[in-house]
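There are 2 protein chains.
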Amino acid sequence: MSNEQLDQLRNELDKVNLDLLSLINKRGELVQQIGEVKEKHGMNRFDPVREREMLNHILQEHDGPFEYSTVEHLFKEIFKMALELQEDDHSKALLV
Amino acid sequence: MSNEQLDQLRNELDKVNLDLLSLINKRGELVQQIGEVKEKHGMNRFDPVREREMLNHILQEHDGPFEYSTVEHLFKEIFKMALELQEDDHSKALLV
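Going line by line, the protein sequences match chains R and Y. Numbered according to full-length UniProt numbering, the first sequence terminates at residue 96, and the numbering increases by one at each position without gaps. Numbered according to full-length UniProt numbering, the second sequence terminates at residue 96, and the numbering increases by one at each position without gaps.
Derived by calculation from the structure, the hints in this document are not laboratory data. Errors might be hidden in some of the hints.
Since the list can't tell identical chains apart, any single copy or any two copies may satisfy a pair.
[Unchecked claim] Computed list of lysine to aspartate or glutamate pairs in DMTMM-like fashion (alpha-carbon distance at most 25 Å, straight line): (1) LYS38 x GLU67; (2) LYS40 x GLU84; (3) LYS26 x GLU84; (4) LYS40 x GLU12; (5) LYS26 x GLU12; (6) LYS40 x GLU29; (7) LYS76 x ASP19; (8) LYS15 x GLU53; (9) LYS26 x GLU77; (10) LYS26 x GLU39; (11) LYS80 x GLU12; (12) LYS80 x ASP7; (13) LYS38 x GLU53; (14) LYS38 x GLU12; (15) LYS76 x ASP63; (16) LYS76 x GLU29; (17) LYS26 x ASP47.
Every value quoted in this text rests on a predicted model; they were computed, and no experiment measured them.
Work out the full structure: start from the sequences and follow the hints.
And the structure:
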């Protein structure tokens, strides 16, 4: 089935998907850098207060088609990804 | 504790969080538009083949600190969000 409008919207969606991927990876790199700085200063890597502050900041700015609870759920998943990454780095550091 | 480097990295992280939020909402709006076009043409809104293609495209382009399985998990969550949105719209349409 040929539908120009649908094809155009799908192309835009593909672009948004790749932009999201790029930002997710950029976020991962930033979290790794933050982990290194914290480690250097003997700070605890996981900071639930800072995580709650980030989430509140995000929800304050939210203005879109999704429910707040849906956005909160997604960002908790994104935060969890970063935590896994830090744990990996730490294990690797201990093994070397 | 004052740490300029940490503050700077956290500011960057906050910016990335808001960019992610903005893209997630843009994605939601695109999915709503796609749903409308599909409805107009009597097409099924949920298309598992197209979803798999999107996911493969994303994974092909992935080049970052996260595991492929982690990226796949996250995007499945993002896709699921969009599906919920379409179901909402549909219910609302039926109620009017």
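Hint by hint, here is what the structure shows:
| no. | hint | verdict |
| --- | --- | --- |
| 1 | LYS38 x GLU67 | between (34 Å within a copy, 23 Å between copies) |
| 2 | LYS40 x GLU84 | within (19 Å within a copy, 43 Å between copies) |
| 3 | LYS26 x GLU84 | within (15 Å within a copy, 28 Å between copies) |
| 4 | LYS40 x GLU12 | between (42 Å within a copy, 19 Å between copies) |
| 5 | LYS26 x GLU12 | both (21 Å within a copy, 10 Å between copies) |
| 6 | LYS40 x GLU29 | within (17 Å within a copy, 43 Å between copies) |
| 7 | LYS76 x ASP19 | both (20 Å within a copy, 16 Å between copies) |
| 8 | LYS15 x GLU53 | between (30 Å within a copy, 14 Å between copies) |
| 9 | LYS26 x GLU77 | both (16 Å within a copy, 19 Å between copies) |
| 10 | LYS26 x GLU39 | within (20 Å within a copy, 36 Å between copies) |
| 11 | LYS80 x GLU12 | between (28 Å within a copy, 18 Å between copies) |
| 12 | LYS80 x ASP7 | between (34 Å within a copy, 21 Å between copies) |
| 13 | LYS38 x GLU53 | within (18 Å within a copy, 40 Å between copies) |
| 14 | LYS38 x GLU12 | between (39 Å within a copy, 16 Å between copies) |
| 15 | LYS76 x ASP63 | both (18 Å within a copy, 22 Å between copies) |
| 16 | LYS76 x GLU29 | both (18 Å within a copy, 22 Å between copies) |
| 17 | LYS26 x ASP47 | within (20 Å within a copy, 30 Å between copies) |
In summary, this structure violates none of the numbered hints.
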